[in-house]
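Chemist: Using the hints provided, position chain E with the ligands relative to the given structure of chain G.
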Amino acid sequence: MHPALSVIIFTTVSGMGYGLFIWLTANILLGTPLADDDVVIGSVMAFILVATGLVSSTVHLGHPERAWRAFSQWRTSWLSREGIMSIFCFGPMVFIAGQYYFDLGFENFVNLVAVLGLISSVLTIYTTSMIYASLKAIPAWHNNWVILGYQIYALSSGGVAYIVVAGWQHHMIVVYLLIAALIVKIATWINIDRHRGQYTRESALGLTDFGKATPFEPAHSQKNYLQREMGYELAPGRRAIMRWFALGCGFIIPALLLYIGLPAASLILLICFVGMMAERWLFFAEAEHVVRLYYDKDTV
Amino acid sequence: MTCLPEKTDKKLGLLIDLNICVGCHACAVNCKEWNTSGITGPMEDLKPYGDDPSGVWYNRIHSYEFKKPNEADRTVYFPKSCLHCEDAPCVTVCPTGASLKRSEDGIVLVNPDVCIGCKLCSWACPYGAREYDTSGGVMQKCTLCVDKIYDETIPEDRRVPSCVSTCPAGARHFGDFADPNSNVSKLAAENDARDLFPEMETKPINQYLPPKKREQHKSRSLEHKVSNVKDALLKWATLDFTG
Ligand code: SF4
Ligand code: SF4
Ligand code: SF4
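Heads up: the sequence lines are chains G and E, in that order.
The numbering used here applies: residue 730 is where the first sequence begins, and numbers increase by one.
The numbering used here applies: residue 6 is where the second sequence begins, and numbers increase by one.
For reference, chain G alone in the conformation it holds in the complex:
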């Protein structure tokens, strides 16, 4: 799939935002002593990350002014469900930031809203992952690793953001999460590589009993929308470099720096963010759509 920058930014940034908010609400519920200002900054930062992601995701729409229509088909569409959930999540973020900043006198509701915020953040990440995992035509996405991955990458990158906001009191948990995320990522790649080639051109054509099919005259002289959108070919050499880069910056280096306690949490967050962008770039660039069987691929 063509790795479009707007969607890469959207999923990386908003994942980090929800992850940060999960960390924040979980700590409120666990009674971790948190400075009021830190809670405010954390909620506002989560809000900004999620909002940036949403705005970025509307950039690639043909009709951004009609985006409100995307809330209507929640009964079948994961994209619609994601839209609704992401708007819902703003509620708890605004409430918690407002309560801690202005001291509105709703202390009794903080825990309830924190529970709501935590659950709705997890659900929003789930709806995002299901947009991809529900697409049978893209085998690299159509599996449970994608669902697990989206949750754990949000928690690990959001955990690093949490350290920037609220300090180092739980930094070893973030280290463990980064290691878990690393393992999930490698398992995802093993799964993708193992399942490459399960669909054939002959089956796509419905002609499995006539021998091996190869394209003869192209259907059109120039690339069309399908090839531009879904025909991205990632060279194996480039894949290897990007995979190492994503692992290194997204998980390994942040985990090491946190472990040794480098007193530069913002730098660690930046490295992690760049790594997650690379991870998300690969998520698209590596995913082969079965429509390529009608064009350049013998198997997908």
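Please note that the accuracy of each hint is not assured.
Examples of chain E residues lying across from chain G (beta carbon under 10 Å, computed) [stated by the list, open to error]:
(1) W62
(2) I66
(3) K72
(4) P100
(5) T101
(6) V119
(7) L125
(8) T139
(9) E206
(10) Y213
Now the stretches of chain G that chain E is said to cover, found in silico as 3 or more residues with beta-carbon under 8 Å [stated by the list, open to error]:
(11) 790-799
(12) 804-818
(13) 851-865
(14) 932-946
(15) 949-962
(16) 1013-1025
Some chain E residues near chain G, calculated using beta-carbon distances under 10 Å [to be verified]:
(17) V98
(18) I121
(19) S127
(20) G133
(21) R135
No lab work stands behind these hints, which were simulated from the structure alone.
From the three backbone atoms N, C-alpha and C, an ideal C-beta is built for every residue, glycine too.
Modeler: Same frame as chain G, but now just chain E with the ligands:
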């Protein structure tokens, strides 16, 4: 609504005979001709005379060479347009309701006034049947010529999709697959009709008839050809043109 209808009264679709198609692209051209002024047109054509022309087509004619050990290679022309799937994944993923499957006849359409151009439906379609209109910012696809097949100002026998009426070889048929006595249902039943990509579990309505198996042809050996030529010469020599 992007919920798929439990059942459609009709299952209108195409039956494409790969044994007959000669790959002339007439159906694709006439599809564009009709639909560019149709209900979801215009179909964009960018730089049509430039180095890198691009645009939207609802129908594309691929071709493939099939190789099988101990058999002569065979060329198959392969027209591909929307299959109006019963379990259309392109419809259920649509967040706006712009993509829909009609309960009366099963036609899958995009409403260009509602589509936000998120392109998710084109990701969900395994067949590459949807193309994005960059000028209009909306998704486009085969309409099964819905604005032709129901048009009462057209003589009844001509109310068929443009690609069907234009095919010079008669490789394309249109009808109701829900009716077992329709032309298309009968042709499908008699001729080993195929679903494209059954693993995708989309239950396509459109059906494809495979090329004829080699065994069904008389083997055209050299001997055979020589005797054909001899017969023809004899006909002229004797000026006898019977048979
Ligand atoms: S062929 Fe593609 S666009 Fe047409 S109904 Fe099936 S999935 Fe949808
Ligand atoms: S591009 Fe249009 S028709 Fe397709 S899923 Fe998005 S809103 Fe629906
Ligand atoms: S049915 Fe109509 S819209 Fe569909 S491919 Fe044929 S001519 Fe084009």
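Chemist: Against this structure, judge whether each hint is valid.
Modeler: Each hint tested on the structure:
1. W62: Nearest chain G Cβ about 7 Å off; hint holds.
2. I66: holds, 6 Å
3. K72: Status holds, d = 5 Å.
4. P100: holds, 4 Å
5. T101: Nearest chain G Cβ about 4 Å off; hint holds.
6. V119: Holds. Min distance 6 Å.
7. L125: holds, 6 Å
8. T139: Since chain G brings a Cβ to about 8 Å from T139(E), closer than 10 Å, the hint holds.
9. E206: Holds. Min distance 7 Å.
10. Y213: holds, 5 Å
11. 790-799: Satisfied; 8 residues make the cut.
12. 804-818: holds (count 7)
13. 851-865: holds (count 4)
14. 932-946: holds (count 14)
15. 949-962: That given contact holds, which follows from 9 residues of the segment 949-962 of chain G lying within Cβ reach (below 8 Å) of chain E.
16. 1013-1025: holds (count 4)
17. V98: Interface hint status for V98(E): holds (6 Å vs cutoff 10 Å).
18. I121: holds, 5 Å
19. S127: Where the cut-off is 10 Å and the nearest Cβ of chain G is about 7 Å from S127(E), the hint holds.
20. G133: holds, 4 Å
21. R135: holds, 8 Å
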